[in-house]
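Here the protein sequences line up with chains A and B, keeping their order.
In this text, residue positions in the first sequence follow my numbering: the first is 1, and each later residue adds one.
In this text, residue positions in the second sequence follow my numbering: the first is 1001, and each later residue adds one.
Treat the hints loosely; a few may be bogus.
[As the list claims (entries may be wrong)] Sample of chain A residues at the chain B side, in silico, Cβ under 8 Å:
| hint | residue |
| --- | --- |
| 1 | 25 |
| 2 | 32 |
| 3 | 56 |
| 4 | 87 |
| 5 | 89 |
| 6 | 340 |
To be clear, the hints were calculated from the coordinates, so they are not data collected in a lab.
The structure displayed is predicted, hence computed values, not measured ones.
Built from N, CA and C at the ideal position, the CB exists for glycine as well.
One letter stands for each residue in the lines below.
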Amino acid sequence: MTKPTVTSDRNAEGVCIRIAGDLRTQSLDQIEGAFKSISPDGKDVIVDLSGVQSMDTGGAWLVADLERRIDTSGATVHLEGLQEAHASLIETVSKNIPEAVGEQAPPRGLVETVARVGERTAGAWKDSVSIVGFLGLTLHRLVRTLIMPWRLRRAALVSQMEQTGFKALPIVSLMGFLIGVVLAFQGATQLKQFGAEIFVVELISISILRELGILLTAIIVAGRSGSAFTASIGSMKVQEEIDAMRTLGLDPIEVLVIPRVLALLIMLPILGFVADIAGLVGGALMSWIDLGVSPGMFLTRLKENTDVWQLAIGLIKAPFFALVIGVIACWQAMQVKGSSESVGQRTTASVVQSIFMVIAIDALFSIFFSELGI
Amino acid sequence: MDGATLQQDSQTGAQREAVIKVRNLTNRFGPQVVHENLNLDVWRGEVLGVVGGSGTGKSVLLRTIVGLNRPAAGSIEVLGVDVLDGPEDERKRIEKSWGVAFQDGALFSSLTVLQNVMAPLREHTGISESLMQALGGLKISLVGLPQLSCSKFPSELSGGMRKRAALARALSLDPEIVFLDEPTAGLDPIGAAAYDDLIRELQQALGLTVFMVTHDLDSLYAICDRIAVLAEKRVLVEGPIEEMTKVDHPWVQEYFTGPRARAAQQKGQDR
Chain A
1 MTKPTVTSDR NAEGVCIRIA GDLRTQSLDQ IEGAFKSISP DGKDVIVDLS
51 GVQSMDTGGA WLVADLERRI DTSGATVHLE GLQEAHASLI ETVSKNIPEA
101 VGEQAPPRGL VETVARVGER TAGAWKDSVS IVGFLGLTLH RLVRTLIMPW
151 RLRRAALVSQ MEQTGFKALP IVSLMGFLIG VVLAFQGATQ LKQFGAEIFV
201 VELISISILR ELGILLTAII VAGRSGSAFT ASIGSMKVQE EIDAMRTLGL
251 DPIEVLVIPR VLALLIMLPI LGFVADIAGL VGGALMSWID LGVSPGMFLT
301 RLKENTDVWQ LAIGLIKAPF FALVIGVIAC WQAMQVKGSS ESVGQRTTAS
351 VVQSIFMVIA IDALFSIFFS ELGI
Chain B
1001 MDGATLQQDS QTGAQREAVI KVRNLTNRFG PQVVHENLNL DVWRGEVLGV
1051 VGGSGTGKSV LLRTIVGLNR PAAGSIEVLG VDVLDGPEDE RKRIEKSWGV
1101 AFQDGALFSS LTVLQNVMAP LREHTGISES LMQALGGLKI SLVGLPQLSC
1151 SKFPSELSGG MRKRAALARA LSLDPEIVFL DEPTAGLDPI GAAAYDDLIR
1201 ELQQALGLTV FMVTHDLDSL YAICDRIAVL AEKRVLVEGP IEEMTKVDHP
1251 WVQEYFTGPR ARAAQQKGQD R
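The shape of chain B in the complex, shown without the other chains (with noise of 0.2 Å):
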């Protein structure tokens, strides 16, 4: 646990250590204040969902902590490295250490799905050509993409199985935290359930930490252990979803008791 933080739950006493570490992290595009001192810890092994309106940032958050864009003020730790002035040669471990399946896959066109998924291997690893297919035909079986995808391209592929390519490729170096963009959007609901399961799935068997940005209800009941909603320019509550119907603020009560929200909820207590 190189630097990372242990910190006492204040509710279970237990030890949890902090992978990502946001602090006072400030977002600006011109005039327009994004993030202010926003604050957010994101625990080893938990599934944190990342809820807010339109416009609250949180595409924006998970680009910064990726490192695609440079926040105006504040520091961002992942696994005890600190990602924005840390070593040059720290920060490029840590970029090998996580995953990132944006909204739309963002697959390379030009590659097949099988290339794609072995593309982070064959640049960095120095495994052999065979076993790179081999962990990369195992990451599109895991993702639940059957053999013949293998060698189709991005574009012959579905918008369901387009994210599930993109989370294989996501996986292909094994990473300890997972970001995703919208996991479900645009898929139909039959589509977005297997992928919530997928995903709780492949978290549990690789002891994963993900990093999810949703408007899915349903995914926030069924998946995530804890919700952090952005509002106000900061991180406005987190903590696990039955005390958000305690938040006493119109957005997050609308959001979190509305009937969208009360059906969702059945659901989950019935999954």
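Here chain A stands alone, though its shape is the one from the complex (with noise of 0.2 Å):
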């Protein structure tokens, strides 16, 4: 390929432009700022094109585009040694030239600014309109699906409740146990230095059974299942899946959400369970190595001063928890539109949501239970 090249000779009648070698999009950068260079100031303009070896639709549009900012400015432009096939391009292009092309930015001011905040605001109470109204539909099948309980999907329900209960034992064991482990080994270095280590059981007790069990689970099953849910159900959208089931007199309520729903209602109590007795356990244990406090005393003292309230407490709060993912993941699954990009944002709304409900939620049972005197 040949060096595309432009040269302008100026003299009293007018300007000549000669455009030489290969005018081809991908070298078009090296001559570009020639092209934009050249004014003709009102002269006659003669554009030699003899030396082009050859154009694509790069080349004609800068040719093109001269040809018509010259026309524009009032001058005449004449296009000499054009090729047959060179011509024909040109005129082609020219004749495909947009008017306005491109995207307009959006306006960047005070007036936009504020404007868009009103509208984020209205939006998110929108969004919360919506989702109260998907909570009361939900709750409102769940309640059906119990009263005629044939209309349940079995299949599909122990296969959620194998997904996101049972292959999720591992990871929320080990959780647990890790979390007492922790708390045991920093009590300790507390407790040591005013001779309390015999409180360590108290404080691994009461703290795993009634806050921290339950809600870290219910934290890895945000983003474990929550994820999942809106992945899903998010991708069934974008392929018109739900709009299928829906002509063919199915209810995705129905078919999708309250598998997933109860399923994470039954499951997470019991994986929030076994996240406690891992906690205990791995409390004990770290108590017996760095405190000497042996397990059969870690249990003596844990009978005798931890009420079984504490787990109650601790477990009366998993259903809500269930409840509240379960709904904002599948709620944000159903506000998935057109493009796969849209699943992606929805999943990363649906587990933060859901985590930040959560905390929130057992702040409230918190300062319930605190009320209450419990």
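Both chains are sitting in their own frames, so use the hints and assemble them into the complex.
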């Protein structure tokens, strides 16, 4: 390929521009600036193209654009030495040059910023209304399923229970175990200072049973199953499977949402219980190694000083967490529009929102129980 | 014509240049043999239609030529460059001289139509943003899309518009060869005919060579210069469509003399 060149001569009568070489899109960057700097100043222009060896639409666009620019400035323009094929290409291109190209950049200013904040606020309000509506719809279908249990999709429910519950057992119990170890270890260092090592049992049992066990389990499940719900139902939405279901007289809530939410409702308390036990085991092991509190002593102390209520208070929260995770994940999935990009965004939003809501609800319960005095 | 083969046309005696040369190609997926000793030439400036029954490996052939599928044996030359074992930099250069429009567009869903068309320019040229936008807009206008669609996302377009946008993206580097996979599948007859005309127009205006996998008899009659029929794991016959009816092979006979073929032929003559 020959390098494209642009040279221009000025004389009394007008301007002569010589263009030569290969005018191809890939090498246009070398002559783009030269083309832009050409200004006819109202003089007549002759464009000599006899040195042009080849031309594609990119090169033709530059010539056509030059022609048009000179034309609108009031001067006359002549193309000379043009090969026939190139002439017809330039003609095709100039016929197709659009009036205005491109996307308008969104306006940036104080008014637009305020308007955007307003739009977002209105959007957030609408989303809240919509999600509460979806919660109501899900609860209605859930109750209907309980009244008419034969409508329940049992195969889907069992499969979801396996996915969200059974397969989460290893990670949840490992997490519980490690939390117990960490609490025992950290607690021991502090309690040793005033010789109150034995209180490590209460530290571990109350914090794990009441708060940490179920809270961390819910966070893991939100990340693990919430994202899976949004991604799978969201992809079905993109593929129009949800619409197909509706036309077949199937209720997507009943077919897709209920088995998932119900599976979480059943499995999250079980997972929370497993995490509690694993936490106690981890704590007891660490207390034994680090403080010399034997497992027997740990168990006796646990029985004497920790009420079974502590366990109950922890597990009571589980169904609420499960409902929030399931409903947010499925609602986000239903908001997926069009592209696969949207599935990714909604999955992220689903996980962030459900973890935030789990922590917020946990805080509310905390206040509620302390007001009740338990 | 760096290294590309010139050959005498047996009928017209005119010189023609093979831009794609496929020799002894074999494709195998596990025990299933799709192509065996397949030979095919594509001449510069022609529209070649590749037809064949389902599962005869039309799309596999296309994917093999553009390097998306590694064949078990054989050689492929595009514009004189061995695309399978040639030097890396030559192969990179060749990749810029073809454009591929996939069946369902395969547009990048996170980019607008204009950004999709600009993507190859951004990657392979050093031209300014404004020129890129101008050339992108030109390509969009060339394929007959309204400028309003520039800022739309692929998911907001109809199937036909997506196909046009995919063609605009395939054309963005002004390739010499364009590969089209089922360009008119899923379009209504009017839309399909308009798309055929568009391909013909662009092919003549830009001097393209078109390699087209299709099922559409109307397209075959309307725009294809030559047809290659894939059957029995090879190119069974190739030639102009008038010769197809004379081929003594059950599938080819049924395909080109069936009622739909006769109707398409009628239409092709009317146009």
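Evaluated hints:
1. 25: holds, 5 Å
2. 32: holds, 6 Å
3. 56: holds, 4 Å
4. 87: Nearest chain B Cβ about 12 Å off; hint violated.
5. 89: Constraint on residue 89 of chain A satisfied, holds at 6 Å.
6. 340: holds, 6 Å
Consistency note: the structure conflicts with earlier hint 4 alone.
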